[in-house]
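Colleague: Each chain, written out:
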Amino acid sequence: MLDTLRLTNRRFHGGIHPPENKLQSSLEPLRELPLPNEVVLPLGQHQGQLAKPLVEIGEKVKTGQLLASTTVATGACVHASITGRITAIEDRPLPQVSGLSLPAIVIQREGEEESFTYPRYDNWQETPNEQLLERIQTSGLVGLGGAVFPTRTKLAGALEKGIETLIINAAECEPYITADDCLMQTRPAALLEGIGLLIKLLQPREVLLGIEDNKPQALESLQKALPGSGLEEQLQICVLPTLYPSGGEKQLIQLLTGKEVPSGGLPLDLGILCHNVGTLAALADAVIRGRPLIERIVTITGQAVSQPGNYLVRLGTAIETLLQAAGWNQDKHQRLILGGPMMGFTLPSAQVPVTKAANCLLLPTEEELPLPGPEQPCIRCGRCEEACPAQLLPQQLYFYAAHQVFDQAEEHQLFDCIECGACAWVCPSEIPLVQYYRYAKGEVRQLRADAEKAEQARLRFEARQERFEREQAEKEAKRQARAQAAAKLAAAQKAKQEAKTQQEPQTQSEQASSEPDVQAALTKKLKQLKTAKAASSVAVKKAEKGLANLKAAADTTPEQLSEQEAKLAKAKEQLQKAEQQLAEAEAGNTPAAAQPAPEVKPSTGNPEDPAKKLKQLKTAKAATAVAVKKAQKTLDNLKAAADSTPEQIAEQEDKLAKAQQQLQKTEQQLAEAEASGQPAPTAAPGQPTATPEDPAKKLKQLKTAKAATAVAVKKAEKALSNLQAAKDATPEQIAEQEEKLAKAREQLTRAETRLAQAEEE
Amino acid sequence: MSTSPSYRQIAADGLWSNNPALVQLLGLCPLLAVTSTFVNALGLGLATLLVLLGSNFSVSLIRNLVPANVRLPAFVMIIASFVTCAELLMQAFTYELYQILGIFIPLIVTNCMILGRADAFASKNKPLPALHDALMVSLGFTSVLVLLGAFREILGQGTLFSGMELLFGPRAADWEIIFFTDFQVLLMVLPPGAFFGTGLLIALKNLIDAQAKKRQKPEILATDKTSRRVRMTSS
Amino acid sequence: MAWIQLSSPHSHNRVTTDQVMRQVVIATLPGIATLTWFFGPGILVNLILTISSCLLAEALVLKLRNRPLTVLKDNSALVTGILIGCCLPASTPWWIPVLGGSFALLVGKQLFGGLGQNPFNPAMAAYAFLLISFPVQISIWPAPATPLSDTSWLNSLAGSDALTGATALDAWRNKGLLMAEEFWQADGYLSSQMVTAWASVASAWLVGGLYLIWQRIINWQLPLTFLATLFIAGSFVWGFNPSHQIPPWLHLAASSAVFAAFFILTDPVSGATSLKGKVFFAIGCGLLVISIRTWGSYPDGVAFSVLLMNFAAPALDYYTRPRVYGQKQARKGLASKEKS
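Chains as they are written, first to last, in our numbering: chain A, 1 to 761; chain B, 1 to 235; chain C, 1 to 340.
These are calculated hints, taken from the structure and not from any lab test.
Quick caveat, the model's predicted, so the values are computed rather than measured.
Heads up, the beta-carbon is just placed ideally off N, CA and C, and yes, glycines get one too.
Please note that a few of the clues may not be correct.
To be verified - Pairs of lysine-lysine residues, derived as BS3-like cross-links and limited to a Cα-Cα distance of at most 27 Å, are as follows:
1. A:Lys441 - C:Lys332
2. C:Lys276 - A:Lys259
3. C:Lys63 - B:Lys205
4. A:Lys551 - A:Lys633
5. C:Lys63 - B:Lys213
6. A:Lys530 - A:Lys500
7. A:Lys714 - A:Lys655
8. B:Lys217 - C:Lys63
9. B:Lys214 - C:Lys63
Said to hold, decoys possible - What follows is a list of derived Cβ distance ranges for each label pair:
10. A:Ala451 - B:Gly116: 41 to 47 Å
11. C:Phe112 - A:Pro374: 18 to 24 Å
12. C:Met179 - B:Thr181: 36 to 42 Å
13. C:Phe112 - A:His17: 32 to 38 Å
I would like the entire structure built from these sequences, with the hints used as guidance.
Modeller: Here is the structure:
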């Protein structure tokens with residue numbers, strides 16, 4: 001039963017009646033364009049990610065062969081549209097307003113056409129849905145109404161949600177375009193097969209086909225093809241009054257079902273799915289005839305072409321080829337529009353390929369579509385509001401977009417605008433409204449992206465701050481714990497001291513009270529002297545370097561040389577003096593601090609001294625070791641250098657010997673301190689108030705000490721091996737190094753025994 | 001305390017560049033309400049002049065004695081006293097004008113211009129400069145008042161100097177000049193006319209200022225053609 | 001060869017502002033003709049004066065703002081001039097139309113920024129200015145005298161010395177304690193000629209307004225709502241005191257209401273934006289007109305009520321946003337400052 005109903009009770013708001021101009025192209029028969037010599041197939045002819053090429057340059061491909069595929073949900077495949085050889089896979093300009101370039105596969109035609117046919121699903125009625133979807137995916141099907149959304153994704157989503165109403169969009173409301181009209185007249189059977197396929201897939205409750213009443217021949221051909229297709233019971237053909245934009249998805253849904261797609265939502269939310277007739281015919285081809293999407297019908301129209309009409313074009317054909325086949329009159333033409341006059345965009349050049357989205361090429365002359373006049377101020381007439389199919393307030397959107405008040409524009413539902421152009425068509429002041437909205441939408445998207453980036457940066461910053469605080473807190477906790485332990489130790493020792501020296505409270509207390517001050521003063525003085533010594537040693541180094549430079553330079557006079565040497569001598573004198581003072585101070589200091597330690601009398605002096613002194617000595621030893629190394633290095637450099645005098649070398653060897661002496665001295669001191677200092681903590685059991693932390697702390701200390709000595713051993717071994725490997729090492733050096741190594745090993749074993757002892761405890 | 005501005009500067013500010021009615025837009029209530037005729041405007045202007053002179057001088061005399069946090073109430077008290085004096089004087093010597101001006105004489109107390117000068121100038125400067133400033137500011141205000149009054153009277157009533165005997169005695173009755181008898185724009189003596197008139201006066205002053213500036217600098221500062229964008233910051 | 005790059009849409013319905021204004025001018029022709037027929041060629045003189053002063057004022061401001069004088073081609077100054085000219089009595093002195101035209105353009109339109117920026121209807125602003133400034137000259141109309149009647153038709157050209165009369169509403173306002181029935185009988189106050197004249201003028205405006213609706217220049221909801229409000233509210237008020245209140249038909253027959261309904265209220269620039277807003281605008285105007293005519297001190301309050309509703313138009317826009325496709329309810333007002 002055929003049910004053709006005319007909808008008189010449902011309307012959408014607004015709408016306009018632009019002159020249709022469809023007869024230019026719809027009266028012509030469908031022409032097939034001869035195969036082009038070269039096709040450029042962009043990898044991104046669809047919404048979503050680019051497809052990934054599976055072929056390489058130089059490969060020979062057949063028509064329909066899979067060239068690029070995609071594994072993500074939002075992607076579609078690309079197939080070869082002619083037989084030939086792949087000459088390039090590179091960036092080529094897309095048919096875009098901006099002339100954007102994207103990767104594309106370029107095929108040069110070679111030889112006879114060979115088709116690569118996929119297996120046909122003749123009994124698709126019984127084929128499982130997954131297989132059908134798979135075929136749809138591998139056939140590169142996308143929405144051919146202009147949105148080029150991957151069909152498989154759309155259908156998979158629809159299957160998940162469940163569809164009640166299937167709507168087929170045969171409205172083609174835009175003026176000039178007759179591609180769908182032509183398809184319905186030439187291949188209605190394919191269209192009906194596609195509908196049947198979708199019905200099988202989705203099992204909708206009702207199937208509606210919306211067609212405008214300006215296509216009587218198409219309607220007739222559909223009605224003729226319907227009996228015998230098996231769809232008589234299900235398909236309802238609804239004739240719509242010609243009104244732009246009834247073919248817009250939202251408006252078509254409102255016309256056919258009376259429902260409104262919620263703002264920000266999809267028709268799927270209402271259980272409705274819309275498909276273009278071109279997509280359905282291609283669907284039938286893909287599944288039933290095994291032909292992937294390699295060609296489409298393109299309307300070429302406008303008065304600047306002498307043979308307008310519909311052309312069956314292989315994808316990837318250059319638009320220029322197409323235009324020339326249609327009789328392009330370059331003198332009369334002023335702009336090339338891809339799409340219709342209401343929503344199409346101008347192309348900057350014709351050297352771009354036909355893609356899956358190209359449904360019409362419009363070449364108007366100046367008289368046919370005159371250029372707009374200058375933009376006048378808005379007189380707030382309200383015609384735009386009357387015409388808007390989305391029931392917006394275009395006037396307010398224009399004011400907000402023009403004055404860049406984007407938050408108000410968003411509030412006035414800027415993103416519900418479908419950019420149909422009805423408002424700009426009626427505007428008496430010829431304001432390019434759609435351009436303003438596009439601009440505003442772009443700005444808002446940019447602002448949103450910036451806000452998101454800022455948000456992420458803020459989160460990262462906060463996490464970083466948190467981490468810092470945490471680390472600080474941990475350090476603080478450690479420090480406090482250490483201070484607490486030391487304080488407890490001090491308290492314990494103090495208690496012991498007080499207990500022991502009850503007889504002489506006065507002198508002891510005096511001493512005890514003056515000790516800290518004196519100690520503090522002494523340490524300060526010590527520090528000053530150390531700084532002085534460091535400064536003078538730096539001065540000496542500078543003088544030495546200056547001298548070396550002068551000697552190296554060609555044009556120095558003997559006076560300069562002697563001057564520099566005098567400077568050097570003075571600096572060395574100062575250094576010696578500073579070292580002397582420091583040594584005195586240290587010697588003066590250390591007895592006061594070292595007295596309790598060697599005598600193992602915790603009664604006088606602070607118990608901290610041993611540990612502190614130990615640390616001091618360790619640092620001293622380290623410093624001297626560094627000095628030795630430096631001296632060694634300079635010596636090597638001098639020996640390696642060509643122009644060093646024997647005096648210099650002797651001088652340096654002298655320095656080295658001195659440094660090594662110092663190193664030995666400090667090592668000795670350290671060893672003594674360690675040997676003597678060790679009993680102090682280990683005498684802790686003798687003290688009545690031995691804190692339980694001590695063993696653990698001691699253990700840790702010993703472990704660290706062992707580790708340090710192990711490292712020292714390693715270093716010594718390495719140095720030895722270096723020396724042995726080096727060509728110019730003297731036997732004395734090697735022996736020296738071996739001695740050092742032995743000493744280090746000795747220390748290591750000592751530390752290990754101590755550790756073992758402590759662990760036993 | 002920093003040196004007070006020169007007498008010439010005070011005069012220029014009070015009369016033109018910082019004119020209370022056209023630049024600072026203070027005291028607009030009496031300006032718009034009583035300037036329907038020339039004599040009304042002149043009367044109020046003179047009253048304001050007296051008050052301002054007295055208050056500026058007094059405030060300047062006591063400026064170092066008043067603590068900062070009570071200075072405004074103190075100044076208002078001084079101003080109110082002088083206004084009362086002015087009112088009593090007007091009641092005694094120009095009774096009809098006093099009746100015509102009505103409540104706008106006591107409202108001189110609230111004239112922001114007077115308190116403004118007291119706080120901005122008199123409390124920070126010596127008495128003589130303060131007196132000079134008071135004279136100049138009130139002359140500036142009065143000149144605007146009388147200009148507006150004249151404008152409104154000519155257009156609204158077709159006369160000028162009508163009713164001058166209210167201020168200057170019976171001899172002034174024949175000072176009246178009649179311009180039109182049948183062309184009287186009633187709007188001008190109503191409040192909208194006051195706003196229009198004030199707006200036109202402000203526009204005129206701005207125009208004169210702009211012309212003066214143009215005459216001073218005949219050559220427009222040429223844009224620096226050699227400046228280049230050295231650093232482009234990307235978004 | 002570089003091709004032109006433009007944004008869509010590439011097609012336009014070729015109806016531009018100056019065409020819209022031209023249609024409005026055409027629609028005023030019946031009214032102007034009827035006025036001239038009944039009140040003499042003074043009307044035409046007034047129109048010439050107002051139109052020329054409007055155009056001159058606009059040209060002056062364009063010159064001061066360094067804009068091209070081709071802006072005058074959009075006919076908006078012409079329309080403003082015609083609208084003021086039709087409001088003024090036929091026998092006013094020459095400087096009244098000149099003042100009115102200049103005020104309308106200078107203060108009513110250009111001071112606010114030019115076409116599309118004025119919040120007040122310029123013609124009504126000028127009329128209010130003239131009414132308050134020269135109440136006598138604006139209210140005195142010559143006695144209606146068609147070329148067919150005996151009295152000289154050219155009286156209006158002679159100025160205010162000629163035989164003068166009041167408008168219907170004016171006469172009604174000044175009738176004092178006379179009862180309604182007596183008022184209509186007494187010929188001194190209001191002659192039947194007067195009523196015929198004014199009713200004919202009202203019909204002429206109606207014809208012009210219907211032409212505009214037919215040409216889809218204005219929408220029909222606005223005038224209909226206004227006239228209906230006048231009639232209903234007028235009947236309501238008249239019902240309380242039929243002998244002293246203005247009868248409802250007189251509200252409509254006094255031609256200012258019909259004129260305002262089709263030509264003044266429908267001014268797009270100063271009215272509300274959405275259709276709902278426009279309807280509320282009309283209702284508000286109607287109620288205000290009735291209030292002023294009944295209790296106000298002026299006999300006719302159309303100008304003031306239009307100006308008052310112009311004040312309220314932004315608030316109307318705030319509350320009467322249309323419901324967008326896909327939304328359940330219309331949103332009110334503007335975006336709030338807090339982020340959602």
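Colleague: List, from low to high, the hint numbers that the structure doesn't satisfy.
Modeller: 6
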